[in-house]
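Here are the chains, one letter per residue:
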Amino acid sequence: MRDSTISHKPREDSTRRAGSPAQDDRGEPTPRREQDPPPRRGGSRRALTAAAAVAAWLVIWLAAARLIGQEMLLASPEAVAQRLAELAVTPGFWSSLAFSVSRILLGFCLALAAGLLLAAAAYRLSAAAVFLRPFMSAVKAAPVASYIILCLLFMPSRGLSVFIAFTMALPVIYTNVLNGLFAMDPKLLEMADVFGIGPARRIVSLYFSQLIPHLLSACGLALGLCWKAGVAAEVIGLPRGSIGEALYQAKIFVDTKSVMAWTVVVIAISFLLEKALLGLIRRLAALAERV
Amino acid sequence: MPCGTEGIALRNISKSYDGRFVLRDVSLTFAEGGRYCLTGPSGCGKTTLLHIVMGIVAPDSGTVTGMDGRAIAPVFQENRLCENLSAGTNLRIAARGKLKSGQAAEMLDRLLLPETLHKPVRTLSGGMKRRVAIARALLSGGGLLLFDEPFRELDEGTKARVLDEVRRELSGKTLILVTHDPDEGARLGCEPIRFPAPAHRP
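From first to last, the protein sequence lines stand for chains A and B. For the first sequence, my numbering gives the first residue as 1, with consecutive numbering after it. For the second sequence, my numbering gives the first residue as 1, with consecutive numbering after it.
Please keep in mind that the hints were generated in silico from the structure rather than gathered at the bench. It is possible that some hints are incorrect.
[Claimed, not checked] Short derived list, chain A residues pointing at chain B, Cβ under 10 Å:
no. : residue
1   : E190
2   : D193
3   : S205
4   : Q210
5   : P213
6   : I269
7   : E289
[What the hints assert, rightly or not] Covered stretches of chain B (in silico footprint by chain A; criterion: 3 or more residues with CB under 8 Å from a CB of chain A, positions within the stretch not fixed):
no. : segment
8   : 51 to 62
9   : 162 to 173
The structure displayed is predicted, hence computed values, not measured ones. Positions of the beta carbon are idealized from the N, C-alpha and C atoms, including for glycine.
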């Protein structure tokens, strides 16, 4: 049956299709030199710039401390560094660190899992999106102190930072992932249908690869929020052996050096965890590409 | 009876957008293993017809038979590549079976440059992306090639090379090619099917 039978009646109506895909009139392939993305600034140069900025702020801090001249009001960088060195050799320092980091990270990981699942459910079922919208809006809008006080009524203070970190991170992750899902190119999904790409490969290669930018931004933001809210919850709930409790004790004794030393620790841990987490997501993305 | 041995039959297909007919009462039969080239002016419904065969556009009326279980190897009018993924991954995810070792690299080697295999698609030029889209279709394992203006971003030299590659991969497969250049169809040994210009409402 080689011959094709063709019957194409003449059309009376205009047949110009409305909304047909736009034509892309790009011309010849560009030379290789022009295709490559612009070279990124060298890593060492970026690190130097960042170190210079940190050094500038240390100088400002030092000058302010010298100007005020009272360690109780504003401790100098060297006094804080000395206090930090003293704290680091005490066993309580590391156990407090482990206590707070483990709980806040647990809250974050639970929020990440729940945010991904709920966003997937809301993407598939509009009823789920409608149902979740007021909850997520309320969680985002309510002050963290209200949650902390409410939670203390029905749960032990040791688990408080887990719950607070979860509550802070959930709406951020949910919203970003859902936005990412809705921003996905429907033509790629159509392409997957025509090629008959299976669900596992579709999730790993299509959805995950397109969600990465949204996930990176959500995780960076949510982890920072988790830390701030988690430590604040510990300061209010005072679970024994936490960073929050140590901060509170330092405040009671007007030990400004310790307060600032613990604050430096919180900032450093937050920075390192964010870097590690974003690195992990990028590695997972690279791994997913090889699967 | 193996799927699609009797070819693909479109019967009395009509499709309109906003009350304007793009296709009206079109009937076509594409024989198994045949090569067809749909030509005609812009807006005459070539792409719509291809989308109806692909199953991503539903006709207002008419039937398409012979598509059950058929593996399609499409080249869309747009590239529809995952821009964040490498060219090699784009080829791999669309492949129905596991690609043989080096198969993707060999194909890209013939169509592009070997190093493009590991480059994110977003860093490639328009013409290179087009060739990745063509390579993806050729390596997908589909027996029905539905190509919508596949060569439009390629210069003459590159087009000749890509046409050779497509011709090499055509054995035993059915090809429906949409193009504005009948010469492309002739070089692939296609039977021309000319779509009439869209008629205006009286």
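Verification of the supplied hints:
For A:E190, the interface hint holds, since its Cβ comes within 10 Å of a Cβ in chain B; the closest pair sits about 5 Å apart. Annotation: interface hint on A:D193 holds; nearest CB of chain B at approximately 7 Å, less than 10 Å. With its C-beta approaching chain B no nearer than about 4 Å, A:S205 sits inside the 10 Å limit, and its interface hint holds. Of the supplied interface hints, the one on A:Q210 holds, with its beta-carbon coming within about 7 Å of a beta-carbon of chain B, less than 10 Å.
Hint status for A:P213 relative to chain B: holds, with the closest Cβ pair at about 8 Å, below 10 Å. The interface hint given for A:I269 is violated, since its Cβ lies 30 Å from the closest Cβ of chain B, which is over the 10 Å cut-off. At a threshold of 10 Å, the smallest CB-CB gap from A:E289 to chain B is about 5 Å, leaving the interface hint in force. Proximity of the segment 51 to 62 of chain B to chain A, defined as three or more residues with a beta carbon under 8 Å from a beta carbon of that chain, is established by the 3 residues found.
Check result for the segment 162 to 173 of chain B against chain A: violated, 0 residues qualifying (beta carbon to beta carbon below 8 Å, three or more required).
The structure fails to meet hints 6 and 9 from the earlier list, while all remaining hints are met.
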